[in-house]
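Note that the UniProt record's numbering has the sequence shown beginning at 1, numbered continuously upward.
Source of the hints: derived by calculation from the structure; they are not laboratory data. Hints should not be assumed to be uniformly reliable.
Below, a list of computed lysine-lysine pairs in the PhoX-like style, where the Cα atoms sit at most 20 angstroms apart [claimed, not checked]:
#1 Lys-137 with Lys-115
#2 Lys-115 with Lys-188
#3 Lys-130 with Lys-188
#4 Lys-106 with Lys-28
Taking CB as the label site, the calculated pair distances span [stated by the list, open to error]:
#5 Lys-106 with Pro-167: 19 to 25 angstroms
#6 Ala-58 with Lys-130: 27 to 33 angstroms
#7 Ala-123 with Asn-163: 36 to 42 angstroms
#8 Ser-19 with Ser-178: 27 to 33 angstroms
#9 Gly-200 with Lys-130: 21 to 27 angstroms
#10 Pro-17 with Ala-94: 21 to 27 angstroms
In this text, all values refer to a predicted model and were calculated from it rather than measured experimentally. Backbone N, C-alpha and C fix where the C-beta goes; we use that ideal spot for every residue, glycine too.
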Amino acid sequence: MWTFPEVLTGRYVRLEPLSLAHLPEFLKRYDPEVFRYMSRSPEGTEEAMRAHLEALLAEPGRVNWAIRPTPALPALRPFPGLVGRISVIAPDEANARLELGTLIFKPFWGSPANKEAKYLLLAHAFEVLKAQRVQFKVDLRNERSQRALEALGAVREGVLRRNRRLPDGGFRDDVVYSLLHEEWPGVKARLLARLYGPEGRP
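Throw the hints in and build the complete structure from the sequences for me.
Shown next, in the form of structure tokens:
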């Protein structure tokens, strides 16, 4: 049976189980631009953010981590708080596939945090669980996230039109990206070089 570690630690970030205890930090980091492309885009109130986190935590099969920085993360000074969150969505062991979803708070855009958080879970998925496919879905309007996935080496497969209803009653089109098991060694090598330079390891 597939299992996921409670804690994963790299050079720049530490993944820990997401809980309602993280609510104050989500409120502190709230920025409408960060949440604008999410199908569950909350307002910046305590009530709305609590409901948002409760929905994430209640979703069947979903595994959620808060992303914390380590002292090595070259971001804000003084030493900052929560970086964001990352989730495994709909893990399907029978078909050896899963989906990753990530939210990174604006002060950490462009930092190594997003890449390393994804690396930690991709390595677990492909090397420990022997997953054959990891996919990502991105709002068609979110060009920043699409560029990040393409830089990662994920393959753009197509667009799911009107795939998710938005809080305002409209719909969003999702771009689907994926990585396959046989693609992971090359993606991993490039990702390690981008993250850690010539030494190529955390």
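Outcome of the hint check:
For a cut-off of 20 angstroms, the pair hint linking Lys-137 to Lys-115 stands: about 16 angstroms separates their Cα positions. This hinted pair checks out: Lys-115 and Lys-188 have alpha carbons roughly 11 angstroms apart, not beyond 20 angstroms. Proposed proximity of Lys-130 and Lys-188 is supported: the alpha carbons are some 15 angstroms apart, at most 20 angstroms. Of the pairs offered as hints, the one joining Lys-106 and Lys-28 holds, with about 12 angstroms between alpha carbons and a cut-off of 20 angstroms not exceeded.
For the pair Lys-106 and Pro-167, the beta carbons lie near 20 angstroms from each other, so the given range of 19 to 25 angstroms is met. Between Ala-58 and Lys-130 the C-beta distance comes to about 28 angstroms, which sits within the given range of 27 to 33 angstroms. Take Ala-123 and Asn-163: their Cβ atoms lie about 28 angstroms apart, and the range 36 to 42 angstroms is violated. Between Ser-19 and Ser-178 the C-beta distance comes to about 30 angstroms, which sits within the given range of 27 to 33 angstroms.
Between Gly-200 and Lys-130 the C-beta distance comes to about 23 angstroms, which sits within the given range of 21 to 27 angstroms. Distance hint check for Pro-17 and Ala-94: the Cβ-Cβ separation is about 25 angstroms, which falls inside the suggested range of 21 to 27 angstroms.
When each numbered hint is compared with the structure, a violation occurs for hint 7 only.
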